[in-house]
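From first to last, the protein sequence lines are chains A and B. When you line the first sequence up against our numbering, it's residues 1 to 81, in that order. When you line the second sequence up against our numbering, it's residues 1 to 616, in that order.
Be a bit skeptical, because a hint or two may be false.
Stated by the list, open to error - With a Cα cut of at most 30 Å, we get these calculated DSS-like pairs of lysine-lysine:
(1) K509/B <-> K78/A
(2) K71/A <-> K414/B
(3) K577/B <-> K560/B
(4) K7/A <-> K342/B
To be verified - Now the in silico label distances, taken between C-beta atoms and shown as ranges:
(5) Y75/A <-> L13/B: 40 to 46 Å
(6) N176/B <-> Y75/A: 44 to 50 Å
(7) G144/B <-> R80/A: 27 to 33 Å
(8) L22/A <-> Y444/B: 23 to 29 Å
(9) L13/B <-> G31/A: 54 to 60 Å
Think of the hints as simulated: they come from the structure by calculation, not from any bench. Note that CB positions come from ideal geometry on N, CA and C, so glycine has one too.
For reference, the chains in residue letters:
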Amino acid sequence: MDETTLKRLLGIYYFFLFVGVLAGVLYYFLGHPHFIFLWDRIPAFHSLFGFTGCVLIIVVSKALGHYWLMKDEDYYEKRRW
Amino acid sequence: MVNWVHPGLLILLGSLLIPVIKHRALKKIYFLSLPIAALIILVLTSYGIFGDIPFSTWRIPFLGYDLVFGRIDKLSMVFAYVFVIAAICMNIYALHVDRDWEYVSAMFYVGSALGVVFAGDLITLYIFWEIMAWSSLLLIWFRGTRKAHEAGFRYIMWHLFGGTSLLAGIIIYVLNTGSIAFERFPWGFGWDYLPSYLVLLGFIINAAVPPLHAWLPDAYPEATVTGAVYMTAFTTKSAVYTLIRGFPGVELLMWLGAIMAMYGVIYAVLENDGRRLLAYHIISQVGYMVCGVGIGTEIAINGATAHAFCHILYKALLFMGMGAVIEVTGRSKFTELGGIYKYMPITFWLYMIGAFSISGFPLFNGFVSKTMTVHASALIHQPIIWLLLEGASIGTFLHTGLKLPWNVWFAREKPADVEAREPPKNMLAGMGLTAFLCVFFGVYPGYKILYDMLPYPVHYEPYALGHVIEMSQLLLSTFLGFWVLRGMLHGEPKISLDTDWLFRLAGRKFIWFCEQPLITFAEIIDGALRKIADFFAWLANNPAVASRMLVALTGAIVFKPFNPLNEKYERDLNELKRVYSDEAVHRMGIGTGVLLALIFFTLYLFIYLSYGVLWR
Numbered sequence: 001m002d003e004t005t006l007k008r009l010l011g012i013y014y015f016f017l018f019v020g021v022l023a024g025v026l027y028y029f030l031g032h033p034h035f036i037f038l039w040d041r042i043p044a045f046h047s048l049f050g051f052t053g054c055v056l057i058i059v060v061s062k063a064l065g066h067y068w069l070m071k072d073e074d075y076y077e078k079r080r081w
Numbered sequence: 001m002v003n004w005v006h007p008g009l010l011i012l013l014g015s016l017l018i019p020v021i022k023h024r025a026l027k028k029i030y031f032l033s034l035p036i037a038a039l040i041i042l043v044l045t046s047y048g049i050f051g052d053i054p055f056s057t058w059r060i061p062f063l064g065y066d067l068v069f070g071r072i073d074k075l076s077m078v079f080a081y082v083f084v085i086a087a088i089c090m091n092i093y094a095l096h097v098d099r100d101w102e103y104v105s106a107m108f109y110v111g112s113a114l115g116v117v118f119a120g121d122l123i124t125l126y127i128f129w130e131i132m133a134w135s136s137l138l139l140i141w142f143r144g145t146r147k148a149h150e151a152g153f154r155y156i157m158w159h160l161f162g163g164t165s166l167l168a169g170i171i172i173y174v175l176n177t178g179s180i181a182f183e184r185f186p187w188g189f190g191w192d193y194l195p196s197y198l199v200l201l202g203f204i205i206n207a208a209v210p211p212l213h214a215w216l217p218d219a220y221p222e223a224t225v226t227g228a229v230y231m232t233a234f235t236t237k238s239a240v241y242t243l244i245r246g247f248p249g250v251e252l253l254m255w256l257g258a259i260m261a262m263y264g265v266i267y268a269v270l271e272n273d274g275r276r277l278l279a280y281h282i283i284s285q286v287g288y289m290v291c292g293v294g295i296g297t298e299i300a301i302n303g304a305t306a307h308a309f310c311h312i313l314y315k316a317l318l319f320m321g322m323g324a325v326i327e328v329t330g331r332s333k334f335t336e337l338g339g340i341y342k343y344m345p346i347t348f349w350l351y352m353i354g355a356f357s358i359s360g361f362p363l364f365n366g367f368v369s370k371t372m373t374v375h376a377s378a379l380i381h382q383p384i385i386w387l388l389l390e391g392a393s394i395g396t397f398l399h400t401g402l403k404l405p406w407n408v409w410f411a412r413e414k415p416a417d418v419e420a421r422e423p424p425k426n427m428l429a430g431m432g433l434t435a436f437l438c439v440f441f442g443v444y445p446g447y448k449i450l451y452d453m454l455p456y457p458v459h460y461e462p463y464a465l466g467h468v469i470e471m472s473q474l475l476l477s478t479f480l481g482f483w484v485l486r487g488m489l490h491g492e493p494k495i496s497l498d499t500d501w502l503f504r505l506a507g508r509k510f511i512w513f514c515e516q517p518l519i520t521f522a523e524i525i526d527g528a529l530r531k532i533a534d535f536f537a538w539l540a541n542n543p544a545v546a547s548r549m550l551v552a553l554t555g556a557i558v559f560k561p562f563n564p565l566n567e568k569y570e571r572d573l574n575e576l577k578r579v580y581s582d583e584a585v586h587r588m589g590i591g592t593g594v595l596l597a598l599i600f601f602t603l604y605l606f607i608y609l610s611y612g613v614l615w616r
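Bound conformation, chain B alone (with noise of 0.2 Å):
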């Protein structure tokens, strides 16, 4: 039996070597090959080379506990298998970028998704969890502009609170039964759910799930052009794993997922910006696959792997064709473009394979996957969640199929100062990827494929003849009301308000408590602190002396009613003066004691985990 490899850890360490190779070529094969090479484990892991699935390997002992960092079932095989497979896609698209950073930060950013997929346990979870979060953050941050700087700052903070929530519900959980194996979480009503709703927190955070959405179409517009592909794939759809693994059969989650799905949609009529409406679809279709989870049936569990599988591909691709009209053009509003079809051809119809995708036409990937999840919520009898989810479709088409292209392409003549060419090489060759995989998947064999890896069996044929119709009814109807109302979708120099408006307002408000009253009440405590503080450093600076002045002090001021003795006393206290020596005292801040304090305590306990860990 031969020793698995972590795909996830191979491409997040493998690519700390990408700056150290000078050679340009060669380091564009080096990081095309990482994934490649993930993806080669894969396909040697599910022809059982390293034992019969599921199987559980790379336990790390750490502070008493298992560490499992390769947790191997069909589950975590099916997303490990869409991650490394979007990966090699968007890897070909980023090519032609040459930022090393921006590599090494997208290859930590896939590498520790797979991380998260492959986690046995909670604490590796979490680990890896937070190096999502980092890496991605530096994804928006390497696109320079001001507006970038800012989302990050925001998305940053909206995942260090979701992953502060997640490590909270995880201490509780883990003292509660002792256990850190990361299995379906205990679901009910009460306080003794606690740890549950907390680590729930954090998974829907992470999933986008309104009103904890907003980082999400805020920041994955801002971020750089190959960035925000990956940006798409792995954030969400890592939630999604650990919403199936975590609490499935919630349902909770289904109504949250189905009102998701609409809300996304509702955002994206009113978009001006060709990303951030791709963005709002995200929210839209991850919303299937939430409420898939909530069902918790096989089939809807099935669906909702399945619709993650799909999405990511799809998803890519759109984003992969927005953006490259965005690095042509420099342009992304609605408002400044048009009319660039005779320009850009080849972008555009790869664009439409990812739309026709996504809006769940037959023969392309979405339908395969879409109406499983769609299926489940009838067979359960929840007509409000069939109408969301079907009204969903409409909007999903209606948007990126109809509105976007029309808004880009279309719609009037390119406007004078618009650059408009194909992007380069690379560029279309991944699109051209993703958009044969869309198509691969969405027809015999491949979505047969698919579905032999789904975690459960499948009892669902998606060409049966009623769904076909049923769905190609439903998207041309969808059309015709398009092609009525198409005055209306024009995009409009605007930005709509989102649930972040009120996080802003506390946000602003709490730094205004911070700036105010805080800091008035701290320079009172402060002041008062220092003065006694003073008073110490001056005794210390020569104890005999200052003690002697002190008692000459006392003495002027107790015997001041009598003349001739005090100005004895002043005579004295003017030569202890003079014989006291005064230096200045170099103070720094409270915050430095602070500072070095942390830096110590992380030392020590860096130090006391190595032991632990190195030298048992």
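Bound-form chain A, shown alone (with noise of 0.2 Å):
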């Protein structure tokens, strides 16, 4: 895939991020939203929860990797019980 053609997808895609940011404010406000949870009260939270989401799980899951779960391919023909 070239720069030109990058450029523009991620052009369109962050359109979409705002607008989806803009449709769950606006919901907030004129829409009827459910409160069920504590965290329903924050406009657009999902937006939110989706990023920190996404990133909490890289970085925690590459840290359990790292330093516990991961190890080379061999592993189980090599050690030794």
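Reassemble the complex: the two chains are provided individually, in unrelated frames, and hints are given to aid placement.
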């Protein structure tokens, strides 16, 4: 994929991201949201949750992997039990 | 009224003709027509040709109990439908394969899964449960690699353990209650519920609930390209079906399911093998279903059922897409792939339809089922469950929708030694049909059709404005997180230790125990016994002479102090030894004896049972 296509696609994406957040905020103030949990009272909570959740999943899992779980591919063949 | 034909047995027994058909095209047509015939039966059943749903049929007397092969109600029908529809797509995908027995084992697998779904009693359930385990094992072994061979052994050991637990639970349950009907199991705390615990253990091993899940990501990626596609659908989802039947509303399952949904996601971050990443996402997705079963409300059971339905389709599609890459390139690791978009764009886009579906994009089938289960957790006010499930949605899109396609189709220039082109047409056709269904059941009227098939009436509108906006925000912002941290998501040539580390350790220790202390002990006993046996064998050879010899021998020892007489005895003894013919006795190991006894008892049991069934 060349640079210009990538830039254009990213531009479209940012537009949609903006629309998503905007829709969330508008729905919060103008629509009829149901407040079930505490965080439902934050406007556009799902955008926030999506981003932080994504970062947390990557960082926490990678940390778990690098410090504990990940081993060389021939681990089970090499290991002396 | 027409007699119902069991679609599972039709596929299972019908598949035995596949190796007999010699004409290649005819063989393929026949192979494809098996699930199509089953689908026709199901449609006719829905139209009430065989009786008004629910009804039960195919009652067969067995050992004083009534086996029920056909319990037809809304729940069994919806699972049967998706099994058969998926089997049609998978058979198209597998048409280019020329291994008859792989076809047969795949059809045994599909047929036995249908058998589980229609089983109205526990004995029938158990029989089909075991057929399912063994036939799917063959789908792994047909890969023919050493890794597949070993993973297959581990796979079957898990399922034998689960099956044994299930059988033990069933036996105690039947002895306690006197009924073999497969209904909701009693649940509570204490010894009285032991059969329920054992049966549940059997079920959750097949549902791959952590920490008993390790067989799934271990074995599925080692199966054949087409075999793995079958495996994604039937074992775990038939387990979800049995959980819905037997253990709805068990709170333990709600927690296990939610943890499971997140567990698969964490491992998927670390994974370098494409199909293994998808396998971890089976665990994650089945987590939603198990959680729904645990919540147990009508909407949650509906959600779990709908999610099983949709999951089978999109997960098959994802495995087909990744399988197509493996088929043409021979590679499955992210570190060895990349930049093949130019060569396989159709595969990419078909895969992406599966990825959008599993991520729950609006207009795809995952959206109409996943949100229902998550919504059910909100309705019972469980914030932790909700966070785990919704968080797992983020991870799902992150891995199957972004990390995997990024690393396989883009990420870097195509490695020079990788050959890439579109896969055979039948594979594309199978994927195309599955992709069509993924979209069809995600939009009107498809999702209404799906909702009508669910066990309870549905009062849930997935396309309510709030749901659509929330899901869109979640997915759009997940992409942002991915784009920012994409540098961290390259594959690493590593494996991740899972709970099977513990079981492998235990296995090694057990084998050591058998080989060292146990064998030493056995040799002591065996040696002593063999000496006694040797003596009797010697004695039996010629008892008259042998007993005289014994007397002479005793005399020689007793009269040793009186020298003159001793000479005579020694002479006699030598003479007797000369007369005594000592033939070599051929002796087999103790295992042979055990084997012969086993064969005898098996034959006896077989004759006894056939007598009981056929000549009553």
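Outcome of the hint check:
1. K509/B <-> K78/A: With a Cα-Cα distance of about 16 Å, the restraint between K509/B and K78/A holds, given a limit of 30 Å.
2. K71/A <-> K414/B: holds (26 Å)
3. K577/B <-> K560/B: Given that 30 Å is the threshold and the Cα spacing comes to 19 Å, the pair holds.
4. K7/A <-> K342/B: Answer holds: K7/A to K342/B is near 19 Å, not above 30 Å.
5. Y75/A <-> L13/B: 40 to 46 Å: Holds, at about 44 Å.
6. N176/B <-> Y75/A: 44 to 50 Å: About 45 Å separates the Cβ atoms of N176/B and Y75/A, which means 44 to 50 Å holds.
7. G144/B <-> R80/A: 27 to 33 Å: About 28 Å separates the Cβ atoms of G144/B and R80/A, which means 27 to 33 Å holds.
8. L22/A <-> Y444/B: 23 to 29 Å: holds (26 Å)
9. L13/B <-> G31/A: 54 to 60 Å: Holds - the Cβ-Cβ distance for L13/B and G31/A, about 56 Å, lies within 54 to 60 Å.
Going down the numbered hints, you'll see the structure goes against none, and every one checks out.
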